[in-house]
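Participant: Here are the chains, one letter per residue:
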Amino acid sequence: MAAAAIGAGLLAGCASDKDSNTGAAGGDSEGKTVITVGLFGTFGFQEAGLYEEYEKLNPKVKIEQTVIERNENYYPQLLTRLASNSGLADIQAIEVANIAEVVRTQSDKFVDLGKADGVNKDDYFPWKWNQATHPEGKTIGLGTDVGPMALCYRKDHFEAAGLPTDREEVAKLWAGDWNEYIEVGKQFKEKAPEGVAWTDSAGGVYNAVISSSAKRYYDEQGELIYKDNPAVKEAWDLAAEAATEGLTDKKQQFTKPWDKAMNNGTFATISCPPWMLGYIQDKGGEKAKGKWDVAQAPKPGNWGGAFLGVPESSRHKEEAIKLAAWLTAPTQQAKLFAERGSFPSTPKSYETPEVADAKHEYFSNAPIGQIFSTAAKGVPTQVIGPKDQIVQENIANTGLLQIDQKGVSPDEAWESAVKTVDNALDE
Amino acid sequence: MTTTGSPVSAPPTEQGGAAPRHRTSPPSREEKRRERRSRWYQRDVKWSPYAFVAPFFLFFGAFSLFPLLYTGWASLHKVSLTAPTDMEWAGLHNFSRLFEDEFFWNALRNTFSIGIISTVPQLLMALGLAHLLNYKLRGATFYRVAMLAPYATSVAAATLVFVMLFGYDYGMINWALGAAGIDPIDWHNDTLNSHLAISAIVIWRWTGYNTLIYLAAMQAVPKDLYESASLDGASRWQQFVHVTIPSLRPTILFTVVVSTIGATQLFGEPLLFNPGGGANGGPDHQYQTLGLYLYEQGWTNLHLGRASAIAWMMFLLLVLIGLLNWLVTRWMQKSELGRKTARRRS
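Chains as they are written, first to last, in UniProt numbering: chain C, 1 to 427; chain A, 1 to 346.
Among the hints, erroneous ones may be present.
[Said to hold, decoys possible] Simulated crosslink set (DSS-like; lysine-lysine; CA at most 25 angstroms straight-line):
(1) Lys78(A) - Lys419(C)
(2) Lys322(C) - Lys32(C)
(3) Lys78(A) - Lys109(C)
(4) Lys359(C) - Lys172(C)
(5) Lys287(C) - Lys256(C)
(6) Lys406(C) - Lys419(C)
[What the hints assert, rightly or not] Label-pair distances were calculated between CB atoms; the ranges are:
(7) Pro84(A) - Lys317(C): 22 to 30 angstroms
(8) Gly195(C) - Met172(A): 42 to 50 angstroms
(9) Gly378(C) - Ala157(A): 42 to 50 angstroms
(10) Gly195(C) - Ala157(A): 26 to 34 angstroms
[Claimed, not checked] Sample of chain A residues with no beta-carbon within 10 angstroms of chain C, all distances over it, derived:
(11) Pro84
(12) Val221
(13) Ala234
(14) Gly322
I should point out that these hints are in silico values taken from the structure, not numbers from a laboratory.
Predicted model only: the values in this text are computed from it and were never measured.
Ideal placement from N, C-alpha and C gives every residue a C-beta, glycine not left out.
Sequences are here, hints too, so could you generate the full structure?
Facilitator: Next comes the structure, spelled out in structure tokens:
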């Protein structure tokens, strides 16, 4: 009971924090249709002024959003609300790691957005569109953003270690092969400044490598194949090598020590989807401004992205569908990218000046629009399984973290990762 | 309600105090009214207490009893959070599975280990502190409030501070150790060290609470016991051992039970000890408690049936501990009684 109470308290805490933020923007709702939007993390619709713009275009509509900071808290809540059919917002966000499970188990609870007015299937990447589409043809979510990956690197550390700093040349160092990335890391280590590691964590390396392969944990038939998949083995081996060769800063991503490491600049490279730029800027602060740059990754991969769905129980279904379609249309995605760095899932937006000419001041004016567009176009069509997130998290946070932080041998760590995954997936 | 003579505090009797039972003449209006009032009074006395306690039992039913029973029902099924109403009968599978589940045993071990490391020193310290506070002190109220301050702090806030203290690279404790020429200690990854660190948070939060309970009990110990003890030439320490501790025995038992329950359900501290790291209790599950394991199974892995089984195992564990406590109490009362009669006989 106490456990449940504390858990609920945490959820409530996160939610209400954000609620109070949004409260400031709220006006009176007299005579207006209030559309609620339930999100996790930072989508930035509000910050980019999209709600305001929509409310101006549709004077009868008022938009209210609630945000839960972490998807691991948001997702169970979404599931319980779907099950009880209560407490749902008119629009609910779904993380890419959960989309396969939601499509498979909850599609009857969502509206088919594939045939909605104002939605054009051809706007989106086919792989993005298919991720939210049931084999029988129902599309339950519209893609908001994707996470094409590049590599962020510290120019000052590269220079100190005698490596080139120009982003074209840096990309050439490891072009086409993740092995080269580790090899350059070894070179870096020889002349690296005191206390600076090549990259943040073994988990980060694993994530970057595995995200650039088409098949990961499930095959097309939905069978679990991660134990024998050569792509998983390759990614694991490279990550384990990075850890055992001392190329990592031994941090777990998205924890407090990782934040601090970013602030103190104790690693030189990190694989970065567009949304990671905001993180680096936020944690790195003023003192790292201009020291970071962005180069193409050895192979393009995708990390993250989300969808907007409209639950069947929405009280204003028609209005909600209209809003979801509008928020995810190419024009709005381009605006969102310009303001918040969420990368569009609609290739059409890539030709807009907002994306094509985008440069990031903090990252030495890197032409991030072009870098990420190129990466996005090269992302392989990924087979997404229902429990991808659990498999991935246990491989990174149990297996690779054991190598990284506890010095466990890669073979033993793999065994315990498999054991936790098996335990988590065992029904 | 301690005033005398007021009708409000009249003793609640079956008969009511007003009219005699036998009468020949028909009752007058005044008498009728009095009778009515007395009947109303009887009913009031009889049913009001139930009305007053009803809200508690309603809440108890809705938020304790129902979840308990529902969890029991769910623990006998295969059920996922993706479809909580879709239950598939599994019998005792979830329970039998736990017996072979090394993660469950690991969590149980961790819970016991952290429970003992946190409860024992905590209660000893509380006892000592209460003894000190029981002396005549200037600003006694200040100390008492100060004692309770950690208890009033939220787990989240306290834990975040402790995380900073116990950090490996930038933690204050390792920094101080470094200044003293001692190698940094890995408070997170080493099993024993992580248990010590989490116990420190628990101890910090709960010592004051237990101190105040002890203090209250100590102040109820008759002063003449101490007076006669000091007349007999007992030192303060001897008084503490031979007068205070025996008088406090029921209170100590109470705190032991409450702390044990708290320790079994330990959740917030180990979860927040690794902010952002999830509910696995470190890469090797080295500080995953039963509470965390339950949470991980239910809310990360979405296995509601298995999570319910863990919850019920925790409940049974507590029943077992309660039973043990009851036996110990009875045994202690018996031996106490035995000692007293023996003393009288001699």
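Participant: What's the verdict on Lys406(C) and Lys419(C), does the C-alpha distance respect the 25 angstroms limit or exceed it?
Facilitator: holds, 17 angstroms
Participant: Is it the case that Ala234(A) keeps its Cβ farther than 10 angstroms from each residue Cβ in chain C?
Facilitator: holds, 42 angstroms
Participant: For Lys322(C) and Lys32(C), compute the direct alpha-carbon distance and say whether it is at most 25 angstroms.
Facilitator: With Cα atoms ~16 angstroms apart, Lys322(C) and Lys32(C) stay inside 25 angstroms; holds.
Participant: Far enough from chain C: is every CB of that chain over 10 angstroms from the CB of Pro84(A)?
Facilitator: violated, 5 angstroms
Participant: Is the hinted range of 42 to 50 angstroms satisfied by the C-beta distance from Gly378(C) to Ala157(A)?
Facilitator: holds, 46 angstroms
Participant: Does Lys256(C) sit within 25 angstroms of Lys287(C), going by the straight-line distance between their CA atoms?
Facilitator: holds, 19 angstroms
Participant: Between the alpha carbons of Lys78(A) and Lys419(C), is the straight-line distance 25 angstroms or under?
Facilitator: holds, 21 angstroms
Participant: Taking the Cβ atom of Pro84(A) and the Cβ atom of Lys317(C), is their distance within the range 22 to 30 angstroms?
Facilitator: Given a distance of about 24 angstroms, which is inside 22 to 30 angstroms, the answer is holds.
Participant: Hey, Lys359(C) versus Lys172(C), does the alpha-carbon distance stay inside 25 angstroms?
Facilitator: Distance ~21 angstroms between Lys359(C) and Lys172(C) Cα, so the pair holds.
Participant: Could you tell me whether the CB distance from Gly195(C) to Ala157(A) stays inside 26 to 34 angstroms?
Facilitator: Check passed, 31 angstroms falls within 26 to 34 angstroms.
Participant: Is Lys78(A) close enough to Lys109(C), meaning Cα to Cα at most 25 angstroms?
Facilitator: Measuring from Cα to Cα gives roughly 22 angstroms; hence the hint holds.
Participant: Is the Cβ of Gly322(A) farther than 10 angstroms from every Cβ of chain C?
Facilitator: Non-interface label stands for Gly322(A): nearest chain C Cβ at 15 angstroms, farther than 10 angstroms.
Hint compliance for this structure: hints 8 and 11 are not met, and every other hint is.
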